[in-house]
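K.L.:
Spelled out from the first residue to the last, the chains are:
Number of protein chains: 2
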Amino acid sequence: MKHFVGIDLGGTELKIGIIDERGTILYKDAFKTDVSQSGPRMVEYMAQCARTVTERAGLALKDLTGIGIGSPGLLDPEKGQLKIVVNIPTLNDVYVAPEISRILGVPVYLDNDVNAMALGEMYYGAAKGYRDVICLTLGTGVGGGLIFEGALYRGASFTAGEIGHLSIDPDGLYCPCGNYGCLERYVGRDGIVTRAKSYLSKGMKSTIGDHLDNGEITPRAISKAAEAGDALAIEVLAETGKILGIAMASLTNVLNPQVFVIGGGIANAGDLILEPARRELKKRAYTIPAQAVQVLQAKLRNDAGIVGSASLAVSRS
Amino acid sequence: MKHFVGIDLGGTELKIGIIDERGTILYKDAFKTDVSQSGPRMVEYMAQCARTVTERAGLALKDLTGIGIGSPGLLDPEKGQLKIVVNIPTLNDVYVAPEISRILGVPVYLDNDVNAMALGEMYYGAAKGYRDVICLTLGTGVGGGLIFEGALYRGASFTAGEIGHLSIDPDGLYCPCGNYGCLERYVGRDGIVTRAKSYLSKGMKSTIGDHLDNGEITPRAISKAAEAGDALAIEVLAETGKILGIAMASLTNVLNPQVFVIGGGIANAGDLILEPARRELKKRAYTIPAQAVQVLQAKLRNDAGIVGSASLAVSRS
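Those sequence lines, one after another, are chains A and B. For the first sequence, my numbering gives the first residue as 1, with consecutive numbering after it. For the second sequence, my numbering gives the first residue as 318, with consecutive numbering after it.
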């Protein structure tokens, strides 16, 4: 049995786990990241944590086929180099993959976290058995990962997959990226919350107020209210799904994928978002590609980071 | 030197040519299609015409490495089967590639005409040296072909590339495909002509009337007027380019291509459309992928069909 380590690099913690080739997590742990550490110290620390997880799983470094690192921000997956890591600036420009590989003597692969998740979902999650996969993550931002014919597609400068910045309306909401009408502005966290607040400010009745997160309206609060039958919350999620469906219809026509996998915190609302999304997609897309495509909720959930990152190594094994 | 035959299957004629591996056309000809012929007769005829072109080029069938057929409509490139050929319905469901291959004893490959053109432009045209290529054809409709990492991407049911049906506005113009705001409605032939007519109907001054095609306002008439300095015609083309740029900005964010190749009759207006398109793309797309991408006019022009179709065989050689 082969074994792979996945490192999910975050601004507050490293989530590290070890999986076998069936995708089963043998051991996982989280390690605080001290963002004041220098780049070289941070690399040492990441290597040390990976070694610790391996040992706690009862294995040795020689038992590892590879290590994958999933990171937010800009990076060069071919060189294994981080470029801009907003939350850990000391890692900017660090060749994290070859350096950890040198320390541990194990092949190390780096890619962005959404690409990692897309691979993880294809090998071990909702997209198992599919080869043309579009992965979307709904969170604060909206990310995307593209798999064509079984392999990640990264594009000319490794930035492919920015589905959150597909414009659905040329005169729509301004987006800080400089464009107008970006999908992210409507189905990202702020878009959803703003929509709910706008209805509430009109005096529409809702129980969302009973589900606040630390006094705040969040997508989670809206989801909880919707699950409890709140009509306004259900409507807000349905509109979110509908807008998602508008974008997915265009992607279906252009890319003719087998499956969309929808992950990220907001996707936990499940069919409250996904059913309206499926309906809108079917209404708008061409019949043949619309019939060929599934819209599925991501399966790996909280383990998406670890299993996805490890999958970067699986894909090279 | 290898040789390849390209068959560009059209409703009124077959354009057939033979190229060498450098893309030089050795001989080409056009043959009337008699759409009343049965499917099997039509296949015999296509094979006979390919043989004729080969002989007129001073070659024999044994000198051919392969034959490519580019066709409009729905088809299955893996089986070499036409599915729905609107203008030649007797060819519906015919296994045209394996049947011609059986008759001539040469490998035969079938794909849609825009995919063929995209390959042709990559091997021998504007996209030479690039590997991530999005090809757009502006004509009556708006077609697209996608090349990722040097290979055609066809999608789950071989319909990938329908860029004309990327929606740029969810509440925009109704499209017969069932969606709203499809790119084709704005930058296809009818969209351009309607825009010009709408300005003219408001009494705006223009010399487009001096360039009519058989008494009709056409994109060619508008282009001619624009080339002669007509401000309204220039504006109509610039708006066309701007809308194209809106769609290309989204595609740049999602697919991070190296190059857009713009072909089809309307693209002959060149920079009158392409410069506004480039400006809009740069304004709207993320900086990194926007800097990575070129927007180029197609090069193969009238030979795109033949060279593109032959390129289907080149890609398998």
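A couple of the hints might just be wrong.
[As the list claims (entries may be wrong)] Residues from chain B that face chain A, not an exhaustive set, calculated with beta carbons under 8 Å:
1. 491
2. 563
3. 572
[Unchecked claim] A short list of chain A residues far from chain B (calculated; beta carbon distances all over 12 Å):
4. 20
5. 22
6. 25
7. 48
8. 59
9. 107
10. 134
11. 149
12. 171
13. 256
14. 271
15. 282
16. 289
No lab work stands behind these hints, which were simulated from the structure alone. Even glycine gets a Cβ: it sits at the ideal position worked out from N, Cα and C.
K.L.:
For each hint, tell me whether it holds in the structure or not.
P.N.:
Hint check:
| no. | hint | result |
| --- | --- | --- |
| 1 | 491 | 11 Å, violated |
| 2 | 563 | 5 Å, holds |
| 3 | 572 | 6 Å, holds |
| 4 | 20 | 30 Å, holds |
| 5 | 22 | 26 Å, holds |
| 6 | 25 | 30 Å, holds |
| 7 | 48 | 33 Å, holds |
| 8 | 59 | 35 Å, holds |
| 9 | 107 | 22 Å, holds |
| 10 | 134 | 9 Å, violated |
| 11 | 149 | 7 Å, violated |
| 12 | 171 | 8 Å, violated |
| 13 | 256 | 3 Å, violated |
| 14 | 271 | 22 Å, holds |
| 15 | 282 | 10 Å, violated |
| 16 | 289 | 5 Å, violated |
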